[in-house]
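Novice: Sequence:
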Amino acid sequence: MYVYTPLYSEMVGYVSFLSAFIPIWVFLVLGWQLCSGCGTAALRNESDLLEFFWTVVPSTCVGFLCFLNLGCLGNDLVLKTRGLIKVVGRQWYWSYDLNDGQGLYDSVMSDFIDGVDKPLRVYSDTPYNISITSSDVIHSFVLPVVNLKVDAIPGRLNNTFFCMNHVGVFVGYCSELCGAGHAYMPIVVEAVEKAFVKG
Numbered sequence: 102m103y104v105y106t107p108l109y110s111e112m113v114g115y116v117s118f119l120s121a122f123i124p125i126w127v128f129l130v131l132g133w134q135l136c137s138g139c140g141t142a143a144l145r146n147e148s149d150l151l152e153f154f155w156t157v158v159p160s161t162c163v164g165f166l167c168f169l170n171l172g173c174l175g176n177d178l179v180l181k182t183r184g185l186i187k188v189v190g191r192q193w194y195w196s197y198d199l200n201d202g203q204g205l206y207d208s209v210m211s212d213f214i215d216g217v218d219k220p221l222r223v224y225s226d227t228p229y230n231i232s233i234t235s236s237d238v239i240h241s242f243v244l245p246v247v248n249l250k251v252d253a254i255p256g257r258l259n260n261t262f263f264c265m266n267h268v269g270v271f272v273g274y275c276s277e278l279c280g281a282g283h284a285y286m287p288i289v290v291e292a293v294e295k296a297f298v299k300g
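Sequence positions in the sequence shown follow the working numbering and run 102 to 300.
If you're looking for bench data, these hints aren't it; they were derived computationally from the structure.
It cannot be assumed that every hint is accurate.
[Claimed, not checked] Straight-line alpha carbon distances no greater than 27 angstroms define the calculated BS3-like cross-link-like pairs of lysine-lysine that follow:
| # | residue 1 | residue 2 |
| --- | --- | --- |
| 1 | Lys187 | Lys295 |
| 2 | Lys181 | Lys250 |
| 3 | Lys187 | Lys250 |
| 4 | Lys295 | Lys181 |
| 5 | Lys295 | Lys250 |
| 6 | Lys295 | Lys219 |
| 7 | Lys219 | Lys187 |
| 8 | Lys219 | Lys250 |
Note that the structure is a prediction, hence the values are computed from the model and not measured.
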C-alpha cells in the first residue's frame, strides 16, 4: 500500500480544479460570444491594450501556478520518518546501512527459497527514507508489496520513502538484468512491531 503524503492530496485537488475550471471557462467564453452577437468579423482586429492583457494575465496565472507547485514540492520533503536506510546494490547481493544500531551489513541469498542470511528489518506502520545506489552495475530495488521500484545506479543516489503497513516477511527482487547472478539477489524485508524488537 502506498503512503499518501500531503503533496498527493494537494495535487489531486489541483488536477480536479483544473479539470472543472477549463471546460467551464471554455463554455462561458463560447456562450458569451454566441449571445453577444460577436459572430461578425470586425474590419480592424488589432488592439494594443487587448494584446497587453492577453500577455500579462496568462503570464501572471502561470507564474502563480508555478509558485503554488513549488510550495507543494516543498511539502513533500517534510515527511516525518523514523530514519534513513542506505541500500547499496552489488553483484549479486544487497548491503544495508541503518541508523538504528543494526549498522552496515550484507544480505546474501541463503539456501531457503527466497531467503537471505540477514533480511532488512523495519518497524511496521513507520515511514522510512531510503537512499539507493550501486557500487558496480545498474540494479533495481523492487518491493512489490509497497509499490516500490527504485533504480540503483553507480555514482547516483536515488531517494524515496516507504512504509510497511503489515507485519510479516516480504520478498522483492532486482528487476534490472545485472549479470550472471541476477536471479540470486532477492530482497527480503521483515516488518515487525516495535514491541517485538523491545520485548
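Novice: All hints, please: hold or fail.
Specialist: Consistency of the hints with the structure:
1. Distance restraint check for Lys187 and Lys295: the Cα-Cα separation of roughly 21 angstroms lies within the 27 angstroms cut-off, and the hinted pair is therefore satisfied.
2. Restraint check for Lys181 and Lys250: the C-alpha separation of about 21 angstroms stays at or below 27 angstroms, so the hint holds.
3. Only pairs whose Cα atoms come within 27 angstroms are accepted, and Lys187 paired with Lys250 is accepted, the gap being roughly 15 angstroms.
4. Restraint check for Lys295 and Lys181: the C-alpha separation of about 17 angstroms stays at or below 27 angstroms, so the hint holds.
5. At most 27 angstroms may separate the alpha-carbon atoms for a hinted pair to count; Lys295 and Lys250 meet this at roughly 26 angstroms.
6. A C-alpha spacing of about 19 angstroms is found between Lys295 and Lys219, which places the hinted pair at or below 27 angstroms, so the restraint holds.
7. Our distance criterion of 27 angstroms between C-alpha atoms is met by Lys219 and Lys187, whose separation comes to about 15 angstroms.
8. Proposed proximity of Lys219 and Lys250 is supported: the alpha carbons are some 21 angstroms apart, at most 27 angstroms.
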